[in-house]
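Q: Read off the chains here:
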Amino acid sequence: MTLLTLRDVTRDFHLRGGVLGRRRTLRALDGIDLVLHPGETLALVGESGCGKSTLGRIVAGLLPATSGELLVEGKPALKGKARARQIQVVFQDPFGSLNPRMSVGDLIAEPALLHGLVERRDVGRRVAETLTLVGLRPALAERYPHELSGGQRQRVAIARALAAEPRLIVCDEAVSALDVSVQAQIANLLQDIQRRTGVSLLFISHGLSLVRHISHRVAVMYLGRIVEEGPTEQVFDHPRHPYTRALISATPEPLPGTTGPGAALSGEVPSPLALPSGCAFRTRCPHATAQCAASVPPLSGPEHAVACWHTDTLPPHAGRHTEPTPRMAAALDLYRRAAARRQDLTEETLT
Amino acid sequence: MTDATYTGSGSRTWRRLRRNPMVTIALGVLILIALAAIFAPWLTSFDPYETALRQRLKPPSAEHLLGTDSQGRDLLTRLLYGARTTLLIGCAGTAFGALLGGAIGLCAAFYRRLDGVFMRVIDVFLSFPSILFGLSLAAILGPGLDSLIIAVGLSVMPGIARISRGAALSVMAQDYMDSGRSIGLPDRSLLGRYLLANAYPPILTYTTLAFGDAVLLAATLGFLGLGLQPPTAELGSIAAEGRSFLFIAPHVSTAASILIFVIVLSFNLLGDALRDAGDRRAS
Chain U
1 MTLLTLRDVT
11 RDFHLRGGVL
21 GRRRTLRALD
31 GIDLVLHPGE
41 TLALVGESGC
51 GKSTLGRIVA
61 GLLPATSGEL
71 LVEGKPALKG
81 KARARQIQVV
91 FQDPFGSLNP
101 RMSVGDLIAE
111 PALLHGLVER
121 RDVGRRVAET
131 LTLVGLRPAL
141 AERYPHELSG
151 GQRQRVAIAR
161 ALAAEPRLIV
171 CDEAVSALDV
181 SVQAQIANLL
191 QDIQRRTGVS
201 LLFISHGLSL
211 VRHISHRVAV
221 MYLGRIVEEG
231 PTEQVFDHPR
241 HPYTRALISA
251 TPEPLPGTTG
261 PGAALSGEVP
271 SPLALPSGCA
281 FRTRCPHATA
291 QCAASVPPLS
301 GPEHAVACWH
311 TDTLPPHAGR
321 HTEPTPRMAA
331 ALDLYRRAAA
341 RRQDLTEETL
351 T
Chain W
1 MTDATYTGSG
11 SRTWRRLRRN
21 PMVTIALGVL
31 ILIALAAIFA
41 PWLTSFDPYE
51 TALRQRLKPP
61 SAEHLLGTDS
71 QGRDLLTRLL
81 YGARTTLLIG
91 CAGTAFGALL
101 GGAIGLCAAF
111 YRRLDGVFMR
121 VIDVFLSFPS
131 ILFGLSLAAI
141 LGPGLDSLII
151 AVGLSVMPGI
161 ARISRGAALS
171 VMAQDYMDSG
181 RSIGLPDRSL
191 LGRYLLANAY
201 PPILTYTTLA
211 FGDAVLLAAT
221 LGFLGLGLQP
231 PTAELGSIAA
241 EGRSFLFIAP
251 HVSTAASILI
261 FVIVLSFNLL
271 GDALRDAGDR
281 RAS
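Residue numbers (our numbering), protein chains in the order written: chain U, 1 to 351; chain W, 1 to 283.
In case anyone wonders, no lab produced these hints; they're calculated from the structure. It cannot be assumed that every hint is accurate.
[Unchecked claim] Over 10 Å on every C-beta distance to chain U, these chain W residues come out as not near it, computed from the model: (1) I33; (2) D47; (3) L135; (4) G144; (5) G159; (6) L185; (7) A197; (8) H251; (9) N268.
[Unchecked claim] Listed below are several chain U residues computed to face chain W (Cβ distance under 10 Å; list not exhaustive): (10) A60; (11) A77; (12) G80; (13) I87; (14) V89; (15) Q92; (16) G96; (17) L98; (18) R101; (19) M102; (20) D106; (21) H115; (22) P145; (23) S149; (24) A157; (25) V170.
As the structure is a prediction and not an experimental result, all values here were calculated from the model. Think of the CB as a built atom: it goes at the ideal place given N, C-alpha and C, for glycine as much as any other residue.
Bound-form chain U, shown alone (with noise of 0.2 Å):
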């Protein structure tokens, strides 16, 4: 059984220009299909402007879709407060997403009082409960945002997401403001909460090497549309489509020397009001034909789905790793550290 399916999800957002400016349509979202299983981690990648937050925001109910099916576990999606007990958000700004009248305490106890799933005399030690699971020291419950680190405030909004006890997160660029050490610790609290609960997670990012570390399958998306998606493995060592390959190819290489002749991408993403005929990537893809301004490609393939007509005709990848940086890699392997002596003094207060 999936957790969540998307068919056919179309959006489009009403721009007018001026009080008689002419109405135009941006289509931000063009026939999203998309699946989602239990305790599975979806990454969403894509550059900014390519609709993966605004497929966020539809996924956690913030926003309608235009047109278009939402199921969560076979049934059509459920609204308001019935959807955010399926469904939680993390944004991407932890100084902006946490109410600042709230003290920590407040705002993680909020979701469990407002979804009844703690009584209010034990919502204290729910609070501490959830506050240990995110690495935080219970006492913080007394705090205000402000007086918290980045990295601190985003483990509360993790927590405050968690407290809702959902199937599903979406990490909003959950990471992407952080400091690129916190970055990992964040990616590896997520892991591991994912272990230990079994939520899904729809990992939304512009950024590669934590997705190929954190994700079971991507989703690569351009200019509203999914042109290649599949296990991450295969994604990222045989890269299908020609927007992927360059994608690949622009993550910054760890160790000079190593780079490998890649297609770098020229010229600008097409704005989102005037999309190319056809394939909307063939403005910038080196391998561009006719056939790829007569008609959209469609998204295909078994488990490694790519949407592109030259497929089968393309020189294979020159095949490249993206490794964590060395600066991440440490931050990494000091996180695993920190959470397995964590896991093991849970287990001696347990037994």
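Given chain U, work out where chain W should sit, using these hints.
A: Chain W only, in chain U's frame:
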């Protein structure tokens, strides 16, 4: 687990306020006048309504500290009771206007579909000078304390609605509003615990400034005879009564006018200081 360690913008504003001597003076004067008005019956042995025609228009003396008015009533007593009425109309009117205006402003920002309609109506209200507006309302609603409060409240409401909408709009753009919604909170929690809790400082500042306007409007309505009917003591109507005898007994109008002036000035000083203290750019 709330206030103990909180040293946010609120306490910084408060520290700045206390450093400002103007605040101490203005607040002191207002508290003094308010206390005097509330405890008027215990502060004076004279009756504010009993006339003594033999004693009319006496200048200040040891017996009557501010002299007497055209009916021979002790002027100080009349002013104390008058301040009671005027402050009551001003405060209740401002409270009414702030509640209504605040609610309209917050709702306009929160429910964007209502925004257009609400703000056009507010524009219409704002396009009348508030004196004219208060006058027509007082005339339409007829005499009486509650209709005066409504007239004053509706006159200060549009400005407060405007400020509230602006403050609320900037809060609406913050991620934590989405965060609250994504938790599944109902609108009323979002409006209160999220929107109002973060948007209130500028609304409060503006409301303090509006107090001055409201008191002035209340006194103006009284002066023009649209306030409470005689013999009710009210600062504006006391000033108006004294006007007929301005050359024989200038103390009547003068004392009433000075009291109005001091009250309005104090509210304005307080509001200005609040605004400066809340301004993060000022150091």
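Q: Now look at each hint and say whether the structure bears it out.
A: Quick rundown of the hints versus the structure:
With a cut of 10 Å on Cβ distances, I33 of chain W stays outside the contact zone with chain U, its closest approach being about 34 Å. Remark: the non-interface label on D47 of chain W is consistent with the geometry, its nearest Cβ contact in chain U lying 50 Å away (cut-off 10 Å). For L135 of chain W, the shortest C-beta to C-beta distance to chain U comes to about 35 Å, beyond the 10 Å cut-off, and the non-interface label holds. Residue placement check: G144 of chain W keeps its beta carbon more than 10 Å from all beta carbons of chain U (closest about 40 Å).
With a cut of 10 Å on Cβ distances, G159 of chain W stays outside the contact zone with chain U, its closest approach being about 25 Å. Non-interface call for L185 of chain W relative to chain U: violated, since the shortest CB-CB distance, roughly 6 Å, does not exceed 10 Å. Distance check for A197 of chain W against chain U: the nearest CB is about 4 Å away, which does not clear 10 Å, and the non-interface claim fails. Listed as outside the interface, H251 of chain W is consistent with that label: its C-beta sits roughly 51 Å from the nearest C-beta of chain U, beyond the 10 Å cut-off.
Taking the minimum C-beta to C-beta distance to chain U, about 29 Å, the non-interface status of N268 of chain W holds against the 10 Å cut. The criterion of a C-beta within 10 Å of any C-beta in chain W is met by A60 of chain U, whose closest approach is roughly 5 Å, and the hint holds. Because the smallest distance between the Cβ of A77 of chain U and any Cβ of chain W comes to about 13 Å, over 10 Å, the interface hint for this residue is violated. Residue-level restraint check for G80 of chain U holds (minimum Cβ-Cβ distance to chain W is 6 Å; threshold 10 Å).
Here the hint on I87 of chain U is kept, as its CB sits about 8 Å from the closest CB of chain W, short of 10 Å. Restraint check, V89 of chain U versus chain W: the minimum CB separation of about 4 Å is within 10 Å; hint holds. Because the beta carbon of Q92 of chain U sits about 8 Å from the nearest beta carbon in chain W, less than 10 Å, this interface hint is met. Taken as an interface hint, G96 of chain U checks out: its beta carbon lies about 4 Å from the nearest beta carbon of chain W, inside 10 Å.
Contact between L98 of chain U and chain W, as hinted, is supported at the beta carbon level, the nearest pair being about 6 Å apart and thus within 10 Å. Checking R101 of chain U against chain W: minimum C-beta separation of about 4 Å stays under 10 Å; hint holds. Evaluation of the M102 of chain U hint against chain W yields a held restraint, the C-beta minimum of about 7 Å falling below 10 Å. Evaluation of the D106 of chain U hint against chain W yields a held restraint, the C-beta minimum of about 7 Å falling below 10 Å.
About 7 Å separates the beta-carbon of H115 of chain U from the nearest beta-carbon of chain W, less than 10 Å, and the hint is met. Annotation: interface hint on P145 of chain U holds; nearest CB of chain W at approximately 9 Å, less than 10 Å. The closest approach between the C-beta of S149 of chain U and any C-beta of chain W is roughly 16 Å, which is over the 10 Å cut-off, so the hint fails. Taken as an interface hint, A157 of chain U checks out: its beta carbon lies about 7 Å from the nearest beta carbon of chain W, inside 10 Å.
Evaluation of the V170 of chain U hint against chain W yields a held restraint, the C-beta minimum of about 8 Å falling below 10 Å.
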